[in-house]
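Participant: If you want the building blocks of each chain, they are given just below.
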Amino acid sequence: MPTKCSMKLLLNYHCNLFRTFNCSMATTTGLESLVDQIISVITNDGRNIVGVLKGFDQATNIILDESHERVFSTKEGVQQHVLGLYIIRGDNIGVIGELDEELDASLDFSKLRAHPLKPVVH
Amino acid sequence: MLFFSYFKDLVGQEVTVELKNDLAIRGTLHSVDQYLNIKLENTRVVDQDKYPHMLSVRNCFIRGSVVRYVQLPPDGVDLSVRNCFIRGSVVRYVQLPPDGVDVDLLHDAARREARGG
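Protein chains in written order, with the UniProt record's numbering: chain V, 1 to 122; chain H, 1 to 117.
Some clues are possibly wrong.
Below, simulated EDC-like cross-link-like pairs (lysine to aspartate or glutamate); rule was C-alpha separation at most 20 Å, straight line [to be verified]:
id	chain 1	residue 1	chain 2	residue 2
1	H	K50	V	D104
2	V	K118	V	E76
3	H	K50	V	D45
4	V	K111	H	D47
5	V	K111	H	D22
6	V	K75	H	D49
7	V	K111	H	E18
8	V	K118	V	E102
9	H	K50	H	D102
10	V	K111	H	D49
11	H	K8	H	D22
12	V	K118	H	E41
13	V	K118	V	E101
14	V	K111	H	E41
15	H	K8	V	D91
16	H	K50	H	D22
17	H	K50	V	D91
18	H	K8	H	D49
19	H	K20	V	E76
20	H	K20	V	D45
21	H	K20	V	E101
22	V	K111	V	D65
23	H	K20	H	D49
Hints were generated in silico from the structure; no laboratory data involved.
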């Protein structure tokens, strides 16, 4: 059984979930409920990456399938860059949002103008 | 542990989390963990026109390391201070009652200590 905080993520589609063994805490915000859901990730460098969560670990490293980056700019509409199967290191992750597909479909990305998100400053 | 317990008691309250990239997210506190990662439900970004990046997100997981502030509901905190903790490094003076100190004893003890006793 893998030890806690190890970066041994399995790269097949049936990812195991790693738990710390000192989990006497009542509340654990696992990302289990988001596995196989489409999520929107905000990274520390201000990027927004959308994809299907396939796996995660205690360090919040994640495996994202069918991912694409949404680039916001003030001059043109939202651009989508296809990325594919990605691992994002937990150090670099800020927010993981559960994407509501209906809401997302109702958005007109070509009309959205926004400044890119600022990078995280500790 | 202290803040983890504090946030556990706040579950169900409406909070606004301000992140270190200046993004502010309002939502209902769903859960918290040992790293102070926060899960919010029914989320909306505070300045939605400036930050349309999360328009289609209603529930989110916020990594503890990117939280700058957690703004609590005004009546959710007991503001009357009865007991407090003061970090030693910020103390300038501790004023003692005049008759609470045996000055001569203190002098001797201090000299002894300074001598390396």
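Participant: With the threshold set at 20 Å, check whether the alpha-carbon distance from H:K20 to H:D49 stays at or below it.
Facilitator: holds (19 Å)
Participant: Is the hinted pair V:K111 and H:D47 satisfied, with a Cα-Cα distance of at most 20 Å?
Facilitator: Distance ~18 Å between V:K111 and H:D47 Cα, so the pair holds.
Participant: If you draw a straight line from the CA of V:K118 to the CA of V:E101, is it 20 Å or shorter?
Facilitator: Distance ~25 Å between V:K118 and V:E101 Cα, so the pair is violated.
Participant: Taking only the CA atoms, is the gap from V:K118 to V:E102 under or equal to 20 Å?
Facilitator: violated (27 Å)
Participant: Starting from H:K20, check that the Cα of V:E76 is at most 20 Å away, please.
Facilitator: Since the Cα atoms of H:K20 and V:E76 sit roughly 26 Å apart, the hinted pair is violated (cutoff 20 Å).
Participant: Under the criterion that the straight-line Cα-Cα distance not exceed 20 Å, is the pair H:K50, V:D91 satisfied?
Facilitator: violated (26 Å)
Participant: For a C-alpha distance cap of 20 Å, please report whether H:K50 and H:D102 respect it.
Facilitator: violated (65 Å)
Participant: Would you check the hint for V:K111 and H:D22, treating anything up to 20 Å between C-alpha atoms as holding?
Facilitator: violated (24 Å)
Participant: Are the Cα positions of V:K111 and H:E41 separated by 20 Å at most?
Facilitator: Violated. V:K111 to H:E41 sits at ~27 Å, over the 20 Å cutoff.
Participant: Straight-line Cα separation of V:K111 and H:D49 no greater than 20 Å?
Facilitator: holds (12 Å)
Participant: So if I understand the rule, the pair passes when the alpha-carbon distance is 20 Å or less; does H:K8 with V:D91 pass?
Facilitator: It is violated: about 24 Å lies between the C-alpha atoms, which goes past 20 Å.
Participant: Taking 20 Å as the top limit, are the C-alpha atoms of H:K50 and H:D22 close enough?
Facilitator: holds (11 Å)
Of the numbered hints given earlier, the model fails hints 5, 7, 8, 9, 11, 12, 13, 14, 15, 17, 18, 19, 21, 22; all others are met.
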